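Taken in sequence, the protein lines are chains A and B. Under the working numbering, read the first sequence as residues 1 to 344, first letter to last. Under the working numbering, read the second sequence as residues 1001 to 1355, first letter to last.
Hints are computed from structural coordinates only; laboratory data are not their basis. Treat the hints with care, as some may be off.
[As the list claims (entries may be wrong)] To give a feel for the contact side, a few chain A residues facing chain B, derived at Cβ under 10 Å: (1) 145; (2) 224; (3) 227; (4) 242.
[Stated by the list, open to error] Some chain B residues flagged as far from chain A (calculated, every beta-carbon gap over 12 Å): (5) 1093; (6) 1107; (7) 1139; (8) 1143; (9) 1144; (10) 1164; (11) 1169; (12) 1201.
This one's a predicted model, so the numbers in the text were calculated from it and none came from an experiment. We treat Cβ as the ideally placed atom computed from N, Cα and C, and that holds for glycine.
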Amino acid sequence: MGVDRMLSATPDSAPTPTLPRARGRGNVLEVEGLTKHFAVRKGLLRRAVGKVYAVDGVSFAIAPGETLGLVGESGCGKSTVGRTAMRLIEPTAGSIHLQGQDITRLSRAEMRPHRRAMQIIFQDPYASLNPRIPAGEIVGEPLRVHGLADARQREERVAALFQRVGLRPAQMRNYPHEFSGGQRQRIGIARALALDPALIIGDEPVSALDVSIQAQVINLLRDLQGERGLSYLFIAHDLAVVRHISHRVAVMYLGRIVELAETRALFATPQHPYTEALLAAVPVADPRKRRPRRIIQGDVPSPIRPPPGCHFHTRCPYAEARCRELAPPLKQVAPGHLAACHLR
Amino acid sequence: MPGETATLAATEPAAKAAPAVLEVEGLKTWFFTRGGIVRAVDDVSFSLSEGETLAIVGESGCGKSITALSILGLVPSPPGRIVGGAVRLRGTDLLRVDEEAMRRVRGNEISMIFQEPMTSLNPVLTIGAQIEEALTLHQTALSRAEVRARAVEMLQLVRIPEPERRAKEYPHQLSGGMRQRAMIAMALSCNPRVLIADEPTTALDVTIQAQILELILDLQRRLGTAVILITHDLGVVAETAQRVIVMYAGRKVEEAEVFALFEQPLHPYTRGLMGSIPHLVDETTERLAEIPGMVPALNALPPGCAFAPRCTMATDRCRAEMPPYREWQAGHFSACWHAEALMTGRSPPPLAGEG
């Protein structure tokens, strides 16, 4: 069955990029020490009065055919990681390697051939589709821009893509507003597939969809991965969805990865107190499993003034003196299981 | 369908131990648009007992929010109109009272909190002033000082740290979770009998969601408020509700005690919803069950069962005749021609994508 094939997309023998620093040759994407600070400007002269530490030294790698889930709450920097990796936002520091090539400092023109290998789909497909252009042209646009096919070939390719993502080729002439939310996300996926990329970054791609439609889109993404050996960086806040679709998962808190592990290990034996708290907070769709929960209190601190030391210490039930002073490094606590906590 | 009428009990809801605070009967809220009549809520009935938590679950456009707005007389008109039914609050039909009387009900006897607190808080008034406003409107016996003290007390009740200081702050100075707490404080300030919470945690992060749900349940236990929780999230339903109503395309398709519903859903739509959500704790990472297709347009509903076009169990009868809404087991209602097959477990066909 297709499921087995999909799950074996990353065979055990493949280089497991668990240690982000070891630069494996075969990785689709490697990000090292990625940092993005946004200036906070005020007043008439727009003087910089502070910084938002949106992303602060993030490292990970994604193997061919692998899905890396990136989870965290709003403001943790997960979307900024995706956009910076795409070079839609310029990184403050760190490096990005796409298929072994350093793309960190490439100009727009130099980036163009690399854009074919890396595509992005967004949460709100409606906001990312031009309302004045028929859906067929939206999907075919990347082919036109990259000069990859003449008009007739384009028409054929787009029709095939429509069919693959579950839309009727006859709908190519319809405009975005004529589609439902789920169908618009299918258009976004077809557009991302047009250039046959190696990696698709999904920024909350199913969050805005109703659950029955969400399942359709998740299944489609998994099928496509099985067929094409695609890699995904799957950015989302829904832990159950991330668990379902990812081979490995990275958890972010206030700009930093606090834990990164194989999906099964992360959900079965979370090593960071924040991951533990996140998992405990998710409501379980089974009334027999109602449980007394240990709910962490307080809000996420502002990324403009992140707490010193471990960012999580203000809400952590286990915090000690050293947690308030020293930022714990992301280190291996079990084979392939990284966590940034002094207590591990 | 052999024996399909044999097991039927009365179609009236079973008598409850606690008296009903709110009874909705045959509610019909329709929208008259250029594209035709949209039956947003069509013949919906339910009752709510004192201190009970009733969840109304369904996807966008199923009518769950319009049901809530209808109860409070807040349906935008035109194009919306309540064309039938009754909403009885301790015996008084709210659909028959004037706007003046309705204003005394809103915020006082029935309160509502919304998904995005920022849109329902006034940005130019302090949090304290907004709670005080509700109190001065409804609790006219209180003095100025008592009103102020009560507002701070409410903020304390919803566990906002430093309530005296927070009362003097404006909504934008609070985080999303704190704003939702302030909304709850305002909604509960007059000690309403019924609290309607429309997706109260959908815009919140999961750790904050857990805090807010716990707060709502704790306050309910302490104050005895009956809660209608409107949500699309089956996890939230399973963790909080006692009874559940499932809506699809403007109609109630199933109603049951929460344990019975999750144990054995008697409507294929409910079953499909449960199959389509990924779980945090299941052993396998199997393919999710899909409900094929999408919700039909409410102004062009198919004849027969509205779910039939997406249902793997659908037969000719489903496509031709609307299934009656019946009680199949004590307190467990469903509108499906095949409910009995689901109940006896007589080989329900697999959901799309299963197996």
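Cross-check of the supplied hints:
With its C-beta approaching chain B no nearer than about 31 Å, residue 145/A sits outside the 10 Å limit, and its interface hint is violated. The interface hint given for residue 224/A is broken, as the beta carbon of that residue sits about 13 Å from the closest beta carbon of chain B, more than 10 Å. For residue 227/A, the shortest C-beta to C-beta distance to chain B is roughly 14 Å, which exceeds 10 Å, and the interface hint is violated. The interface hint given for residue 242/A holds, since its Cβ lies 9 Å from the closest Cβ of chain B, which is under the 10 Å cut-off.
With a minimum CB-CB distance of about 33 Å to chain A, residue 1093/B clears the 12 Å threshold, and the non-interface call stands. Every beta carbon of chain A lies more than 12 Å from that of residue 1107/B, the smallest distance being close to 27 Å; the non-interface claim holds. Listed as outside the interface, residue 1139/B is consistent with that label: its C-beta sits roughly 31 Å from the nearest C-beta of chain A, beyond the 12 Å cut-off. At roughly 35 Å, the least C-beta separation between residue 1143/B and chain A is larger than 12 Å, which holds for a residue marked as non-interface.
No beta-carbon of chain A is positioned within 12 Å of the beta-carbon of residue 1144/B; the least distance is around 32 Å. The claim that residue 1164/B is not at the interface with chain A holds, since no C-beta of that chain comes within 12 Å of its own (minimum 19 Å). Remark: the non-interface label on residue 1169/B is consistent with the geometry, its nearest Cβ contact in chain A lying 14 Å away (cut-off 12 Å). At the 12 Å boundary, the C-beta of residue 1201/B falls inside the reach of chain A, the nearest C-beta of that chain being 9 Å off.
Hint compliance for this structure: hints 1, 2, 3, 12 are not met, and every other hint is.
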